[in-house]
Amino acid sequence: MISNSCDVTRKLFKGGRIGKEEVGHFSGTRLLELLLDEKSKGQAKKLLKAMGKGHKVVYKKMKGERNYFKKKDLIGLTEDAMRYFRVWYRTDSYCLRADRATYYRVVGECHNRKTREIIFNAYHRHFYENEAHDRSILAVLQARKRVAESLGFASWGEMENAQLGIHNDAHLMRVLQHCWNDSLPLLVPFVKRLEQLKLGAMAGKVTPEPKGPLTTNVDLIDELFYVTMCRQDRLQRQLAEYMVFGPALKRYSELASRLFNVDLVDESDNVTFSHEGWDRDVKIMHVVNAATNAHIGYWYVRVFARSKKYKTGLASTVFLCDGHVFTELNFVRPQVNVVRKLYYEEVLSFGHQMGTAMHMLFGQSVRSERHL
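Quick note, my numbering runs 50 ahead of the 1-based positions in the sequence shown.
Misleading hints may appear alongside valid ones.
[Unchecked claim] Straight-line C-alpha distance at most 25 angstroms; calculated SDA-like pairs for lysine to any residue: (1) Lys-121 to Lys-300; (2) Lys-300 to Arg-243; (3) Lys-300 to Lys-333; (4) Lys-333 to Asp-316; (5) Lys-120 to His-161; (6) Lys-300 to Val-315; (7) Lys-300 to His-161; (8) Lys-333 to Phe-354.
[Said to hold, decoys possible] Across the chosen pairs, the derived CB separations fall in these ranges: (9) Lys-120 to Val-315: 36 to 42 angstroms; (10) Cys-145 to Val-315: 38 to 44 angstroms; (11) Lys-120 to Arg-301: 20 to 26 angstroms; (12) Gly-413 to Lys-195: 41 to 47 angstroms; (13) Arg-163 to Leu-234: 23 to 29 angstroms; (14) Glu-159 to Ala-340: 38 to 44 angstroms; (15) Glu-208 to Asp-331: 45 to 51 angstroms; (16) Ser-318 to Arg-163: 28 to 34 angstroms; (17) Leu-398 to Asn-311: 17 to 23 angstroms.
Calculated from the structure, these hints are not laboratory results. Even glycine gets a Cβ: it sits at the ideal position worked out from N, Cα and C.
All chains should be modelled from the sequences, with the hints used to inform the complete structure.
The following block contains the structure:
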């Protein structure tokens, strides 16, 4: 079994297939070129050609197609979104390009189940109806595994990770320089495009629109990740229908409370100090021992993000002082008169932050007895 790139280099050098000046100076592509025999090279080229065709198809699907909808199909969208999607020469229709950006804008602004389902189907149908595409991906994965096994690796990923088996800085710099040299040809279209923009800006002229993508060479792993993410998103939308915010969060809190053997008492409406300057979105949970009813501390929870826009920050929990912990979940705030649905990732995030908060309270040096 070839365990790392040093072993690979040593075997290639002893076999006379790599020169002394090239030792430790090759990337994964160079490794395949050196190790594969002529027959395997032909198979690899055939695979790469098929992968290239598949990548072009995927890129085209990612760009999306124009879909026309009636107003009744887009119930729940805000007026701004409706004006944004309106096709003015067809006053009764709305045109949506079913690409990723449009999909997330619609789903983010609309909580109507039927509308989300319509947009979802328009966006994802190519990934669920193209069985040939799935079969081609499976064939490429199987071929990758066979190539890796023929080189002494357990999997394609192990073969790629073997290139990271670098044990000194000089070797690292040589590998990085070689990777940079390999990437330079791919940067040529990008550099040319930047030069066009620069010259156009200096001359005050409008630069021509790009005719297509800089490159259609999408890595297979990225492609698989994208398709998997689409399917995961589909499950996420389906599960959301069964996780209404209020009841689901309450049941999950009760389950976690039993796990930690504590009781969470909502003190948000029972505080004795003035509410001036206090954010009412922050819930105050009194944490007590479930067996003895002894005071443990206070857990402050802000469920929704402060801004009405999407919050990109991750959920976090911080220790304020002994007996006081604050958690910010950054969930998207629902629209007025809209029932908020929880995605399972949000439920998992809530459980993780609750566990972090409980451990912070349990691990404090002196338990706070300063009641609100």
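Do the hints match the structure? See the list:
1. Lys-121 to Lys-300: Outside the cut-off at roughly 37 angstroms; violated.
2. Lys-300 to Arg-243: With a Cα-Cα distance of about 54 angstroms, the restraint between Lys-300 and Arg-243 is violated, given a limit of 25 angstroms.
3. Lys-300 to Lys-333: 13 angstroms, holds
4. Lys-333 to Asp-316: 7 angstroms, holds
5. Lys-120 to His-161: Cα-Cα ~18 angstroms, so holds.
6. Lys-300 to Val-315: Holds, at about 12 angstroms.
7. Lys-300 to His-161: 21 angstroms, holds
8. Lys-333 to Phe-354: 11 angstroms, holds
9. Lys-120 to Val-315: 36 to 42 angstroms: Violated: the Cβ-Cβ distance is about 50 angstroms, outside 36 to 42 angstroms.
10. Cys-145 to Val-315: 38 to 44 angstroms: 52 angstroms, violated
11. Lys-120 to Arg-301: 20 to 26 angstroms: Given about 39 angstroms between the Cβ atoms, the range is violated.
12. Gly-413 to Lys-195: 41 to 47 angstroms: At 45 angstroms between Cβs, range holds.
13. Arg-163 to Leu-234: 23 to 29 angstroms: 50 angstroms, violated
14. Glu-159 to Ala-340: 38 to 44 angstroms: Holds, since Glu-159 and Ala-340 (Cβ atoms, about 42 angstroms apart) stay within the stated range.
15. Glu-208 to Asp-331: 45 to 51 angstroms: 48 angstroms, holds
16. Ser-318 to Arg-163: 28 to 34 angstroms: 30 angstroms, holds
17. Leu-398 to Asn-311: 17 to 23 angstroms: Given about 21 angstroms between the Cβ atoms, the range holds.
Against the hints set out earlier in the document, violations occur for numbers 1, 2, 9, 10, 11 and 13.
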